[in-house]
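Colleague: Listed below are the residues making up each chain.
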Amino acid sequence: MTKTNGSVTGVNGNMVTVRVEGAVSMNEVAYIETRGKRLKSEVIRIRGDLVQVQVFEMTKGIRVGDSVAFTGEMLAVELGPGLLGQIYDGLQNPLPEVAAKVGHFLEPGVYLEALPRDRVWDFTPAAKAGDKVRAADLLGTVPEGSFTHRIMVPFGFLGTYTVKSVAPAGSYKVTDRVAELQGEDGTVHPVTLMFQWPVKRAVTCYAERMKPVEPMVTHVRLIDTFFPVAKGGTYCIPGPFGAGKTVLQQITSRHADVDIVIVAACGERAGEVVETLKEFPELLDPHTGRSLMERTIIVCNTSSMPVASREASVYTAVTMAEYYRQMGLDVLLLADSTSRWAQAMREMSGRLEEIPGEEAFPAYLESVIASFYERAGIVRLGDGKTGSVTIGGTVSPAGGNFEEPVTQATLKVVGAFHGLSRERSDARKYPAIHPLESWSKYTGILSAEAVRYAHGVLARGAEVGQMMKVVGEEGTSLDDYVVYLKSEYLDAVYIQQNSFDPVDAAVSPERQKYTFSKVVGVLGSAFRFKDKDEARDWFYKLRQGFLDLNGSEWKSDRFAQVEKGLQSLIDDRATGLDPKAARILETLEK
Amino acid sequence: MKKVYSRIESITGNVITVRAEDVQYGELAQVSTRFGISLAEVIRLADDEVSLQVFAGGRGISTGDEVRFLGHPMQVSFTDSLQGRIFNGAGEPRDKGPELSENLIPIGGPSVNPANRIIPREMIRTGIPMIDLFNTLVKSQKLPIFSVSGEPYNPLLARIAMQAEVDLIILGGMGLKYDDYLFFKDTLEQGGALSKTIMFVHTAADPVVECLMVPDISLAVAERFALKGKNVLVLLTDMTNFADAMKEIAITQEQVPSNRGYPGDLYSQLASRYEKAVDFSDAGSITILAVTTMPGDDVTHPVPDNTGYITEGQFYLKNGRIEPFGSLSRLKQQVNGKTRPDHRAIMDGMIKLYASYKDTLEKKAMGFQMSNWDAKLLKYGELFEQEMMDLSVNIPLEEALDKGWEILASCFDPQETGLRTELAEKYWPKARA
Ligand SMILES: Nc1ncnc2c1ncn2[C@@H]1O[C@H](COP(=O)(O)OP(=O)(O)OP(=O)(O)O)[C@@H](O)[C@H]1O
Ligand SMILES: [Mg+2]
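Heads up: the protein sequence lines correspond to chains A and B, in order.
Count along the first sequence from 1, then add 64; that gives the number in this note's numbering.
Count along the second sequence from 1, then add 1476; that gives the number in this note's numbering.
Okay, chain A solo, but in the shape it has when bound (with noise of 0.2 Å):
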């Protein structure tokens, strides 16, 4: 097949028209050559012999008449051994890489293989020739890191093959043969190590799609009690700036119960990315005992990097996520953030003059944040297993008013919303997520009874708390008052958590029962007190010594030093226990 080229007839912003000879399909991958350089692009409208392709790069220098080269390929990635622990840019360029071989900044033009070709693998075989296969099926292993990494079939692969020959196990490179497969039309298809895969498509290589239902635990108590992810599921962090949108995600990054941690860093600032790029190789995955760096990869395209690569950045993301799903291994994609994305395609939106939206947004927002956030999912896959991708978005919503098209269109397609309120945050209430107006449909660690209880108390405080803006502390009751006194004590000592506290900073589901049923029993119980200031400072009391539970080690001599204080001083002022708050303390014990 012969290549089509083009020359370039003009230029408005990172978007370039091409005049073409020949044939060229949508999202097909081109390079323009200017000025000694091949500046990559991606084809996203043809009409005739004009195609419109967005550049990755800057495009100061380009001339009307310079040449372009079109490949025949979609935008894709490179799939194989030696994705973890690496630091790519949105087209999967790996950074450090870059940096070692041309400085400093991101020239323009510098395109490298995302995975290492000298590195080898140790290749066990799994398939032998005459087995039949299809895409996605075991032809061998190779460890990667703790991993057991799955040499696949690649997914591009239609139908059946036979295999020719497997290779013996032994040292490989990525690029290295260790399979031959026929296909039906009797040709032979040599695989290697990796393949590559078009990002822009999902990868549906599986038997069958499940119901997400197994929490995702987190290790934050207001997400994993109170707004639970599912594994498989999608959820969304909108809020306004400098409300813990990050520092949430960061959290959600080191804690998480998944087997690798996708970080998508899309449109914002350097620095964060630095913090984790800096830190994750010092710190230890608690149930592996190995560098978090080993279960993460990072695409970071920040916010002053080309646009265009930006928009591709999810899903490079997310390709790589699904292929670790394919196997058998849980995925979490984190995003940060979803609205930079829809930036990216509104800007290109706004040069192909389409007719936009409200916020200027393309049309087809919505169809498009809801296409990203299906390729979360959990699977049963060919042999049986499961695997899943996760996947969290930030929004940053203008003003942080979510009623705008971004959060809405997110809104709509996932299944938590972690909706984060500038009032917290400016209380220094972490994690800031608001407990009266955020959601989950997912099933947490603890019932919805005992859910809804808390939920309950917290939201009578809160009307409580209004209306004693109003009429004072002194026209409020005593009884209204202990009630707000409880919600505030449930917020301060099971809400908020403090993610700089080596011990609370992470905490376990059956820790999170534990502490949970105490705070039931001091919300269900009825107390003694003589008026507000005497209900006040025992709840202050209270909460001082919870926080100091919070800080000690599960189970340490000092956690039930802690408990037993705490106890007594219940003790002292309890008078008796809601009967269903009774109910909801049984069947936590069980």
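For the record, the hints were derived by calculation from the structure and aren't laboratory data.
Honestly, I wouldn't trust all of these hints.
Restricting the straight-line Cα-Cα distance to at most 27 Å, the calculated cross-link-like pairs of lysine-lysine (DSS-like) are [claimed, not checked]: (1) 582(A) with 654(A); (2) 1902(B) with 605(A); (3) 493(A) with 1839(B); (4) 1828(B) with 605(A); (5) 493(A) with 1840(B); (6) 644(A) with 594(A); (7) 1704(B) with 165(A); (8) 1879(B) with 1855(B); (9) 1879(B) with 1852(B); (10) 582(A) with 596(A); (11) 596(A) with 1840(B); (12) 493(A) with 1852(B); (13) 533(A) with 1840(B); (14) 533(A) with 1834(B); (15) 594(A) with 1879(B); (16) 596(A) with 1839(B); (17) 1794(B) with 533(A); (18) 533(A) with 1852(B); (19) 582(A) with 493(A); (20) 493(A) with 1828(B); (21) 1828(B) with 596(A); (22) 533(A) with 1855(B); (23) 1672(B) with 1661(B); (24) 1834(B) with 1855(B); (25) 1572(B) with 1661(B); (26) 493(A) with 1834(B); (27) 1479(B) with 101(A); (28) 1706(B) with 342(A).
Dock chain B with the ligands against chain A, hints included.
Modeller: Then chain B with the ligands, alone, in the frame of chain A:
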């Protein structure tokens, strides 16, 4: 030699089109009009139709004026003799010094590879307690001052520049009032800092297109000095004028606006400038302090809003003071753990009490009873505003910390402050303990 074109096809706002060949996107041209020569930048190519944005504006341009392409994009001279000089947004001298043309460098270059960045680690001292103590400024930080117009943001900027220990100050003025321009010049001169200052100043009277060039020119020069090992402080005032210039130009070009008339790429445009702040592991650094005036004191206005999403916090200037609420230095925790052991505790403790003071003020305004505790808070709040928040206070961090303990001791008992006992034992003023 480049060809000269003497037929301008169209003139809309500041944009002219000519039919020309072999022109680069982003290339610079000279337009000769009867008012003199202006630079213009290629902003669109469509076949042989070239659109250029004229720096001096479209006013008075005739279809018969000459356009000469220069074969290169916008450049600025980078030499040590820039120091002490003043230029306009097009890079032409505004003082009486000579035009500089050696060692020309392009502006608006690519961004720093994130993999080569380092975690910020050094505090910049300003002598302002609301900054040093409560929201520490950090080398390589990008931080705007959010302010209503009329607040003393330029004096604040000048003061920080004078006190900060940096090698070089670059002032980028956008839509600056002439008086403010003179103010900066005089202040820097009196403080003896003019020789380590470079100014790129666009005043309110200058053509709007030149306003757009100011951040890029300032930052391109800053970047080169930083690569040569200098710690550079870049002051950008006022970025809202920069955004408004973009808005004006986008609208005359009939771009679809996204939010209150601002173009859809406002975020990316602002970010590509602010992200130039950097600390090179093997060279110098760039710290950016900017001013963002907020129309109507509205933080949700698109300019402060987009800025807040980009920068590493903000100082919120209101009623002549830096407000503790609404102000944030997101990098402070990188440095305030290594100053003095009581720094973080005093920072958190005093702010919490000040928040309680505000609640008490509200209660008081509603006419509710004032308790003993409320009275203490009222005393505390007033002292805090006088001795800490007032911008005339100019003391090093250590003195500010000591003063913090004094204020606390004159209002409260140690256990009422919520500060850890061992800290109080060490720092609580002895006479009162
Ligand atoms: N859980 C937390 N504990 C303590 N401090 C926090 C927490 N979350 C956020 N913060 C504080 O708030 C600041 C801003 O948080 P973060 O960077 O996560 O905001 P953001 O919502 O991502 O903002 P933006 O939209 O501008 O990126 C942090 O630098 C930190 O000081
Ligand atoms: Mg963020």
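Colleague: Against the structure shown, which of the earlier numbered hints fail to hold, in ascending order?
Modeller: 15
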